[in-house]
Amino acid sequence: MSQQSSSTQAGRPQPSKPATTPFDIDNYLNPYVPRNPLRTLPTHISYWFGYRQHATQRHPYFSLHSSINDLRLPRWYYVWHLHTAFLYSSMLIGAFCGVAIIENVFLALPQLSGHTVPIVIASFGAAAILEYNTIESPLAQPRNLILGHFLSALVGVGITKLFLHLPPDRFEDLRWVAGALSVGLASILMSFSKTIHPPAGATALLAATNLEIQNLGWWLLPLVLLASMLMLASALVVNNGMGRRYPVYWWTPVDLQALRDQRRKERLTRRQKEEADVEKAVGSAEGRDHSLSQTDTEAAVSNEDLRKEIPAEQERDRPDRANRAVSYSAADRVPRPERETGPESEGTEGSGGKSTSQVMSGESILVTSHKIVTPEWLELSDWEDEVLRILMERIREGRR
Numbered sequence: 001m002s003q004q005s006s007s008t009q010a011g012r013p014q015p016s017k018p019a020t021t022p023f024d025i026d027n028y029l030n031p032y033v034p035r036n037p038l039r040t041l042p043t044h045i046s047y048w049f050g051y052r053q054h055a056t057q058r059h060p061y062f063s064l065h066s067s068i069n070d071l072r073l074p075r076w077y078y079v080w081h082l083h084t085a086f087l088y089s090s091m092l093i094g095a096f097c098g099v100a101i102i103e104n105v106f107l108a109l110p111q112l113s114g115h116t117v118p119i120v121i122a123s124f125g126a127a128a129i130l131e132y133n134t135i136e137s138p139l140a141q142p143r144n145l146i147l148g149h150f151l152s153a154l155v156g157v158g159i160t161k162l163f164l165h166l167p168p169d170r171f172e173d174l175r176w177v178a179g180a181l182s183v184g185l186a187s188i189l190m191s192f193s194k195t196i197h198p199p200a201g202a203t204a205l206l207a208a209t210n211l212e213i214q215n216l217g218w219w220l221l222p223l224v225l226l227a228s229m230l231m232l233a234s235a236l237v238v239n240n241g242m243g244r245r246y247p248v249y250w251w252t253p254v255d256l257q258a259l260r261d262q263r264r265k266e267r268l269t270r271r272q273k274e275e276a277d278v279e280k281a282v283g284s285a286e287g288r289d290h291s292l293s294q295t296d297t298e299a300a301v302s303n304e305d306l307r308k309e310i311p312a313e314q315e316r317d318r319p320d321r322a323n324r325a326v327s328y329s330a331a332d333r334v335p336r337p338e339r340e341t342g343p344e345s346e347g348t349e350g351s352g353g354k355s356t357s358q359v360m361s362g363e364s365i366l367v368t369s370h371k372i373v374t375p376e377w378l379e380l381s382d383w384e385d386e387v388l389r390i391l392m393e394r395i396r397e398g399r400r
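Under UniProt numbering, the sequence shown has 269 at position 269, and the numbering climbs by one with no breaks.
Simulated from the structure, these hints should not be mistaken for laboratory data.
One or more hints might be untrue.
Simulated restraints on C-beta separations [to be verified]: (1) Q272 / N27: 23 to 33 angstroms; (2) Q262 / L226: 30 to 40 angstroms; (3) Q262 / L38: 19 to 29 angstroms.
Distance condition first, Cα-Cα at most 30 angstroms in a straight line; then the derived DSSO-like pairs of lysine-lysine [what the hints assert, rightly or not]: (4) K371 / K265; (5) K280 / K265; (6) K371 / K194; (7) K161 / K194.
We treat Cβ as the ideally placed atom computed from N, Cα and C, and that holds for glycine.
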């Protein structure tokens, strides 16, 4: 019997260590980031910037679904023919327009410090695929597009300038080192700033290995910013005009209003605790009865303290187990222990208790409109966390 239970436990993933909070620069930046101002704009304006009051919102002046309903076409025909045709058309038109606009603007620019502006920076061809094909990916959002290319160009030009201090022959021999080092440092900088954009790695590489791009020097930075803005403007018009939503968010998928409310509650709780400690100290200084104080202390013992006295064998048999799952709120990425409801609670809560039980057993992930619940042993990367938060945002919009 013991061998069977040990084999069952061995087959289930067990946490090697308590869940820890990964470094997230947004934890330091988000408290100072203002709420999305698009919510204050009229619908016919905010629509073109990706803002939706609810998940099914369409542009007031253009509604493909209403036109389809007037034609009384079968739903399967719409899904398999018209919807697919519009989706692929938006990808084709978007990629063409995005690259074509950059090329024509670059051709119209004058020479920069005696150097001819290239017709296009090749890495924006790869960026066009992200901006029109995978528009809901965290890698395709405006923050990643603009800052990813800019930071990579900054690193690529800086590394190349350092290597140019070598003799020309020696620099040509080590140009490959400059290219590889530029991509590596750009990768670290994008990860640190949460601006990962794969095509931006090519921007850093081109700055070190392509002679035409290298001759631009620091002029590459404003050109990259200009190209990013043109690509973003084209993506806003084409994607939203074809009934899709872009961007999903501008800076972070975290609910900034929920973050501020949570921090306000934490400050209030901390203040109340400090006031309670002061009152307790004053009361004991006045000579409060020791037996009464001891009774209050025993009554305030938490369930966690009592649990430490339970043998390990009995703890495994308890139906109400804690710390087998962690939850992330809509406001931050701090993991908090998620307590499993007992059998009596499951009967009253319906499927909610069963879903939480599956998460705690390591079989699933639960995403609701206000939190994400994962098994304790599962540590989410930045990209995985942003994908789940995008789903949380869509669920929250659907409930409005």
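Given the range 19 to 29 angstroms, decide if the beta-carbon distance of Q262 to L38 lies inside it. holds (23 angstroms)
Return holds or violated for the Cβ distance of Q272 and N27 against the range 23 to 33 angstroms. holds (24 angstroms)
Regarding the pair K371 and K265, is the alpha-carbon distance no greater than 30 angstroms? holds (17 angstroms)
Please check whether Q262 and L226 have a Cβ separation lying inside 30 to 40 angstroms. holds (39 angstroms)
When you check the alpha-carbon spacing of K371 and K194, does it fall within 30 angstroms? holds (21 angstroms)
Would you mind confirming whether the straight-line C-alpha gap from K280 to K265 stays at or under 30 angstroms? The given pair, whose Cα atoms are some 22 angstroms apart, holds under the 30 angstroms limit.
Pairwise hint evaluation, K194 against K161, where the allowed Cα distance is 30 angstroms at most: Cα-Cα ~26 angstroms, so holds.
The structure is consistent with each of the numbered hints, conforming to all of them.
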